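Let the sequences and hints guide you as you build the complete structure.
Protein sequence lines correspond, in order, to chains A and B. So the mapping is simple: the numbering used here equals the position in the first sequence, first residue as 1, plus 21. Residue 15 in the numbering used here sits at position 31 of the second sequence, with consecutive numbering throughout.
By construction, these hints were calculated from the structure, which means they are not laboratory data. If you're wondering where the values come from, they're calculated on a predicted model, not measured in any experiment. Worth double-checking, as some hints may not be accurate.
30 Å max Cα-Cα, derived DSBU-like pairs, lysine-lysine [claimed, not checked]:
id	chain 1	residue 1	chain 2	residue 2
1	A	237	A	387
2	A	387	B	26
3	A	364	B	250
Chain B stretches covered by chain A per the calculated footprint, using a threshold of three residues with CB under 8 Å from any CB of chain A [unchecked claim]:
id	segment
4	36 to 42
5	46 to 54
6	67 to 78
7	141 to 152
8	192 to 198
9	229 to 235
10	279 to 290
Where a beta carbon is used, it is the ideal one built from N, C-alpha and C, also for glycine.
Letter by letter, the chains look like this.
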Amino acid sequence: MSNPLSDMEKPDVIFAIGTNMTECHPVAATRLKRALRNGAKMIVADPRRIPLAEMADLYLPLRVGSDVALLLGMAHVIAREGLIDQEFLETRTTGSEQFLAHVAEFTPEWAESICGVPAADIEQAAKWYGAAERGAIYYTLGITEHICGVDNVQSLCNLVLMTGNIGRPGTGINPMRGQNNIQGAGDCGAIPANFPGFQPVTDPANQAKFEKLYGKKVDLERGITKVRALERAAEKTMKAMLIVGENTAVSDPDRKHCEHALTSLDHLVVIDIFPNETTALADVVLPATAWGETDGVYTNTERRVQRVRQAVPPQGEARPEWWIIAQIAKRCGIPGFEYESAKDVFNELCSVSPIYRGLDWDRIDKGEYHWPVPEAGHPGTPVLHETEFKNGRGVFTVVGYRDPAEVVDDDYPVWLTTGRRLQNYHTRTMTGRASGIDYLQPEEFLEVHPDNVTAWGLEDGGMCRMSSSRGSIEIRVRATDKSPRGTVFCSFGFGDVRVNDLTGSGYDPVTETAELKVCPVRLERV
Amino acid sequence: MTQTSDAIEARTASQTTIVLDGTEVPFCDGETLYEISRRHRKEVPTLCYDDRLDAFGACRLCVVEVDGFRNPVASCTTKATPGMVVRSTSETLERHRKTLMELVVSENTGGSARNGNIDVDPLRGLKSQELSNLATRYEVDGTRFAGATSGKSRQDDGNPFILRDYDKCISCYRCVRVCAEREGDYAISVMNRGFHTQITTEFDSKLEDSACTFCGQCVQTCPTGALADRKALRDAETPGELKKTRTVCPYCGVGCSVDMLSKGDKIVGIHPAMDGPANQGALCIKGQYAFDFIQHPDRLQTPMIRASNGQLVPATWDEALDRAAAGFLAANRDHGRHSIYAIASGRAPHESAYSVQKFIRAGFASNHVDNCSRA
Ligand code: SF4
Ligand code: SF4
Ligand code: FES
Chain A
22 MSNPLSDMEK PDVIFAIGTN MTECHPVAAT RLKRALRNGA KMIVADPRRI PLAEMADLYL
82 PLRVGSDVAL LLGMAHVIAR EGLIDQEFLE TRTTGSEQFL AHVAEFTPEW AESICGVPAA
142 DIEQAAKWYG AAERGAIYYT LGITEHICGV DNVQSLCNLV LMTGNIGRPG TGINPMRGQN
202 NIQGAGDCGA IPANFPGFQP VTDPANQAKF EKLYGKKVDL ERGITKVRAL ERAAEKTMKA
262 MLIVGENTAV SDPDRKHCEH ALTSLDHLVV IDIFPNETTA LADVVLPATA WGETDGVYTN
322 TERRVQRVRQ AVPPQGEARP EWWIIAQIAK RCGIPGFEYE SAKDVFNELC SVSPIYRGLD
382 WDRIDKGEYH WPVPEAGHPG TPVLHETEFK NGRGVFTVVG YRDPAEVVDD DYPVWLTTGR
442 RLQNYHTRTM TGRASGIDYL QPEEFLEVHP DNVTAWGLED GGMCRMSSSR GSIEIRVRAT
502 DKSPRGTVFC SFGFGDVRVN DLTGSGYDPV TETAELKVCP VRLERV
Chain B
-15 MTQTSDAIEA RTASQTTIVL DGTEVPFCDG ETLYEISRRH RKEVPTLCYD DRLDAFGACR
45 LCVVEVDGFR NPVASCTTKA TPGMVVRSTS ETLERHRKTL MELVVSENTG GSARNGNIDV
105 DPLRGLKSQE LSNLATRYEV DGTRFAGATS GKSRQDDGNP FILRDYDKCI SCYRCVRVCA
165 EREGDYAISV MNRGFHTQIT TEFDSKLEDS ACTFCGQCVQ TCPTGALADR KALRDAETPG
225 ELKKTRTVCP YCGVGCSVDM LSKGDKIVGI HPAMDGPANQ GALCIKGQYA FDFIQHPDRL
285 QTPMIRASNG QLVPATWDEA LDRAAAGFLA ANRDHGRHSI YAIASGRAPH ESAYSVQKFI
345 RAGFASNHVD NCSRA
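Right, dumping it as structure tokens:
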């Protein structure tokens, strides 16, 4: 997030797109509710009539995967109505001429023809956001898990750059992270393109620095993403894999392909807290300590660096992941793993990462710092881009609309979109084992508009078979007008309803994030 | 914290002060007499007050004397004005407070109030002992105004999280207000007035049939334990001292601070951290109630390796670690550094992800590392 969570109470116009915030980030949503109580206006764009949509002043029910069209239409109106922040445009951005010429073509009427939102509502949304004193954008995986995920994000950035809604309290562009420490995993350099602290691996200065730090030649090329690695495993050119705390076999799209890839490896080591479909395929399974059993650090969605602490002893022989990995490294003859504690590891991270340089284990005791914290004594950076962007000026990107990798047709006439529910989390390895949670949602169900339930010969509460070109599953039907006509929804939380057997039609060409949000399917009563 | 520094600013800026118990003290615009008193460590009792909520002024326990006012005023709703002369305690005030407490405790039939011993298990909720602490302070036992009680228990509400023991309710409305003001859920409401007041859900239904999201905020603000944490109370009889450990919720990226409650080796519950920087005391159902997965019997207990017959069998750490290392060394030797890949976790702490990437980069001169973007 460019702005802190506390800022969520401050905007006068909120634009929430592709985020089911009341269910996925409930405590953040309470802040938005307070902004609404203070008189803020809210625009919600989502294919489903989610709870946030019920609270909105303007709800834009767009067709799944058509975000770019909607956002182009909005940019067109902002330009046409003279709502551009000229001073911001001139002093802080580049590429506006090309961009403005591009959007002149895309009227709200054109956008309506693609995304299905009435042109008048697109105009209204653009006018509100464009005229906002403090306009803030919030989004999550509903924006990124598409083949055009990067285009979606860039389209949002374009709106921000046009209107100057950034760098001030109550504004900004704010992705909400789904997992407790997914931000931290990136901060730590567990990504193929960056050393810790988002230092590009292809920059010779960084290469020299890490060669010195790690006492070893470094790779001059970026690594490959997880998606490609699984492909190579299936082709038998990737041979050994270490997987920590991820049920790769079911959480990734196209489950059959994943299982095949993992079984094709010569050597699979899995570190986790529970047995699952992935540990079942491993050659070595190592039990890790869980939350509450180990000391460590998480970074939340607002870049706040916070400590977690051990309260109870580990179960069985479980050990902290850093200890386990250090032991393997030592046995491989890799130097630099002589850690005594989590504190040692974290302090080393701080010493190699420019965004953490001003932090250490003791300094983050109370969790008051947002990175970057470039040196000791620095107060941290709750609001990003106050006076300039990371690389100087904000760059407009010319983005065009593309159809999803697969679109509905006669064989698969229904859009399936997936996500998360309030009570359950991911593949339920955790919530599924917490007592009481099943009381509220004992099984997964498919949300179908009542009209469609009748029209397609389904039964509310009955079972149906849902098929895509990759596979088929059985799932219980629930009639609800949360789903728009022609689009159905379920979560990917329950292992016995293998939704990711169906998904996985394509990947974003830049990030290789899977298109999990859109998948054409067919439904039949069973 | 901020109030203190604001107050210092106020002193230097405008010199607006009141006289509190004979001492001149500064205040900032909009501060209430209660806030000023608390800042100066005056022990003004409260029951309907929760500093995250709009002041309500219902219990009148927080009354103070102000010169020029004939009757004592509720300090939680009265804003300071320059020159006010305020007494936070006096014999009259203490007598008044004691009488009020006697009235309140008489409403509270639960927890053997009648023999002067209101014993509330702290597992009921974060603020559940407020009333019993005040009862002790004012030495009241509820015998003076025996009779009316408000509400009736909802034994039929079998939800696994929230116990609704309205015999203990004192009608402070904190649960209703936190639900409306902080959560924006409006799941709980108030029926009737006076001794007939009853806290209920919309349409008097069970919570699961209401707008309730089971965030547990009502439980955590209730000053009597009338709303209680049913999950934590399972361990009421578990021996051992209750220990609190400050940590962060393991679920979503909001990063809410919590105090993990444990007895001996067992995790028994969660309290929201009122000073948590990301959540300021708020939690959702996952952070509040989905904590016990870590001690589920399914946990992996020992290292395992695949035996020659294809089965995963338990092994010692040495055996398993040797085997893990050998496989990576063999792949590196036979197929080169780019035949090895690692996926770090987005749920484990930093130390895990940092070690994983260092293992690949420093170990094999490779950038073949990623994390689970969705699992
Ligand atoms: S249930 Fe608790 S919080 Fe709610 S009104 Fe009664 S005493 Fe107050
Ligand atoms: S309590 Fe809820 S909102 Fe807060 S971090 Fe946990 S899952 Fe997220
Ligand atoms: S605390 Fe002031 S009236 Fe209840």
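We went through each hint and held it up to the structure:
Taking the CA atoms of residue 237/A and residue 387/A, the gap is near 36 Å; set against the 30 Å cutoff, the hint is violated. With a CA separation close to 27 Å, the supplied pair residue 387/A and residue 26/B stays within the 30 Å bound. Using a Cα cut-off of 30 Å, the hinted pair residue 364/A and residue 250/B holds, with the two alpha carbons roughly 25 Å apart. Requiring three or more residues with a Cβ within less than 8 Å of a Cβ of chain A, the coverage given for the segment 36 to 42 of chain B is violated, as only 0 such residues are present.
Remark: the segment 46 to 54 of chain B is not confirmed as covered by chain A, as 0 of its residues place a Cβ nearer than 8 Å to a Cβ of that chain, below the required three. Restraint check on the segment 67 to 78 of chain B versus chain A: 0 residues with Cβ-Cβ distances below 8 Å, three needed, restraint violated. Given a C-beta distance limit of less than 8 Å, the hint that chain A covers the segment 141 to 152 of chain B holds, as 3 residues qualify and 3 suffice. Coverage of the segment 192 to 198 of chain B by chain A holds [criterion: at least 3 residues with CB-CB distance below 8 Å; count 3].
Check on the segment 229 to 235 of chain B: 7 of its residues sit with their Cβ under 8 Å from a Cβ of chain A, so the three-residue criterion for coverage holds. For the segment 279 to 290 of chain B, the assignment as covered by chain A holds, since 11 residues bring a beta-carbon within under 8 Å of that chain's beta-carbons and 3 suffice.
Of the numbered hints stated above, those contradicted by the structure are hints 1, 4, 5, 6, listed in ascending order.
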